[in-house]
Amino acid sequence: MTVILGQMFTGVSIGAVLLLIALGLSLTFGQMNVINMAHGEFIMAGAYTTYVLQKSLSGAGISLIVALPVAFLVSGALGALLEWLLIRRLYLRPLDTLLVTWGVSLMLQQLARDMFGAPNVQTRAPDLLTGNITVIGGDDPLTFANSRLFILGLAIAAVVALSLTLRLTPLGRRIRAVVQNRDLAEVSGISTSRVDRTAFFIGSGLAGVAGVALTLVGPIGPTMGTNVIIDAFLVIVVGGIGQLKGSVIVAFVLGVLQSVLEYSTTVSVAKVLVLVAIVAFLQWRPQGLYTLRTRSLV
Amino acid sequence: MTTSRRTTTRRSTSRSTTTPLAAKARQLTGVKGRFDGARPAAGFAAAALVLFAVAPLVLSDFRLGLLAKYLCTAMVAVGICLAWGRGGLLTLGQGVFFGLGGYAMAMHLKIADAGPGNLPDFMQLYGTATELPWWWRPFANPVFALAATVLLPMAVAAVLGAFVFRRRVKGAYFAILSQALAAAFAIWLIGQQATTGGTNGLTDIQGFFGYDLNDPVNQRMVYFIIAAALLLLIALARQLIHSRYGELLVAVRDSEERVRFLGYNPANVKLVAYVVAAGMAGLAGALFVPAVGIISPALIGIVPSIELVIGAAVGGRASLVGAVLGAIGVAWAKTALSEEFPAAWTYFQGLLFIVALAFLPGGLASLVGIVRRRATRRTAGEPAPALPVGETA
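If you read the protein sequences in the order shown, they are chains A and B.
Start counting the first sequence at 5; every next residue gets the next number (the working numbering).
Start counting the second sequence at 6; every next residue gets the next number (the working numbering).
I should point out that these hints are in silico values taken from the structure, not numbers from a laboratory.
Just so you know, even glycine gets a beta-carbon here, dropped at the ideal spot from N, CA and C.
Accuracy of the hints is not assured; some may be wrong.
[To be verified] On the chain A side, residues computed to face chain B include the following (Cβ under 7 Å):
| hint | residue |
| --- | --- |
| 1 | L89 |
| 2 | R93 |
| 3 | D100 |
| 4 | V104 |
| 5 | M111 |
| 6 | Q114 |
| 7 | I234 |
| 8 | V241 |
| 9 | T270 |
| 10 | S272 |
| 11 | K275 |
| 12 | L277 |
| 13 | A281 |
| 14 | V283 |
| 15 | F285 |
Turn these sequences into a full structure, and let the hints guide you.
See the structure below:
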């Protein structure tokens with residue numbers, strides 16, 4: 005029993021990491037229709053920000069708390085810069101944004117290699133997050149890692165913050181207006197180009213936050229983004245483009261599925277089976293779990 | 006517009022009366038609709054001359070071996086030109102099909118190298134397998150293995166494509182799924198260390214159907230086979246592009262719904278392009294193995310799969326000549342630059358993606374058309390609209 009619960013918790017924590025990564029993508033891919041392959045490198049930027057801060061600040065706890073907003077700003081600024089330099093020229097060609105941003109991601113990876121060296125680096129987790137919480141004691145104990153719980157909390161906080169921003173603030177209203185009908189939003193006096201850039205800033209900033217979270221569970225390296233980005237894209241595709249609640253549900257379902265399959269088979273077979281499950285799911289719902297209903301033929 | 010009228014206009018595309026769709030397609034791709042026999046034939050003859058006579062004469066054995074490797078990439082690019090440039094199907098998983106062809110060939114060659122009754126060397130090394138795994142056994146048969154190099158990738162593409170296109174999963178969804186396939190395949194190969202060689206892949210291949218690959222003469226033979234195969238694939242793709250099917254493929258790319266309303270099933274049209282492209286990539290992978298002597302997950306994962314696309318994009322995704330020359334050029338640039346400055350190559354490669362796709366979506370091949378249009382505009386005084394190539398929503 006505790007084994008199953010333990011696997012479930014592992015799955016949920018994988019899901020939380022996926023969700024944190026997918027959250028920013030949900031803005032840039034879902035809302036702006038830009039397939040940003042450099043999103044993984046914005047995650048990397050957030051992770052290296054944590055690393056740099058920890059080198060200059062004493063105390064792992066303080067540096068982690070400082071790293072969250074700083075990583076948000078660093079990655080967000082990178083994203084806004086990318087939008088301004090390249091992506092605004094490509095809004096009508098989503099597939100080309102994929103390859104262009106892939107080029108950007110290659111350069112950012114090499115930049116990281118030149119700045120920090122090719123080998124992975126590690127940060128120290130704060131003492132508070134290194135231990136475990138025992139949920140069920142006794143001979144067959146069930147323990148949850150504190151760092152994983154922290155990531156879960158961070159993911160939930162990020163989802164709440166993002167959905168409140170989209171629902172309640174004037175900026176959120178403008179973003180939703182641009183997503184639903186760009187032309188109508190423009191003639192209503194909304195500066196769509198400014199909204200695009202702000203949305204990109206927030207989406208990329210969330211990637212930075214995800215990067216900070218990833219430092220707690222794994223090493224920091226130039227290719228860390230590539231390893232996670234595909235899974236995050238799959239979350240968006242299955243959840244439905246631009247649908248926050250879809251991303252939330254699918255991230256946790258895929259996380260649990262991955263962890264259960266890994267437990268019963270091997271890591272590599274689990275990856276293949278998850279992909280098969282996704283393709284099968286898309287047979288049932290080609291547009292993802294939730295869709296924005298339109299009368300469009302395409 | 007009735008069907009009969011459509012057929013007549015399609016036949017007379019060389020004259021000024023063309024269907025709007027065909028005219029748009031021509032404008033987008035810069036390829037003439039008519040079957041202009043003399044120029045392609047001359048180009049083909051020139052390419053054959055360079056590949057079969059000039060290159061073996063002027064290049065050292067080492068450089069010729071490298072060229073053979075580039076030509077394999079170019080074979081994949083022919084398929085990419087068809088699927089992406091013509092059909093708008095951005096497939097980021099061509100590495101999977103390249104790998105399937107490559108592994109099918111390498112498995113046969115490893116079994117042949119080991120000799121009857123023996124296990125391939127890497128299996129003996131790990132000592133886990135006492136006999137050949139069941140799924141290796143059919144590859145001992147050379148006919149099966151050769152057929153599998155092309156048919157296996159085509160079958161995988163047919164299954165995935167049928168599922169994906171039938172339910173109208175397209176555009177970005179398709180690109181991401183094909184990329185996920187590449188990731189999953191590479192991870193699976195790495196996971197099956199004992200039977201696939203894991204991260205190392207299948208290495209140190211010595212013989213090729215009874216010929217010793219260490220002999221430079223036989224290496225040349227492999228080069229000639231690859232060059233002939235490339236020319237064959239180009240001819241095949243050209244026939245397809247200029248057939249009724251080719252026009253349909255471009256029509257599906259530009260307006261899938263209109264094609265559906267005309268009574269065709271766009272899913273089947275896309276499926277054919279995807280499957281053919283997969284077969285081409287499989288053949289390329291199969292011939293890559295004797296040319297280089299290795300196939301490994303590092304050659305077929307996400308990164309190499311995207312690298313296969315960039316050559317076609319730089320040269321011009323919609324133009325066969327552009328895609329092939331682009332693939333060869335980028336592969337050559339990679340060797341030339343990464344030999345000297347490994348770091349610089351990555352920056353350069355990133356820049357190539359950005360410049361080629363953000364600022365020159367038609368690739369280098371479109372420069373010819375742009376220059377020509379500028380010239381005619383000056384004389385005729387009519388503006389030429391600039392449109393992106395090969396984009397579907």
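Self-check item: Hints violated by the structure (listed by number, smallest first)
Solution: 1, 12, 13, 15
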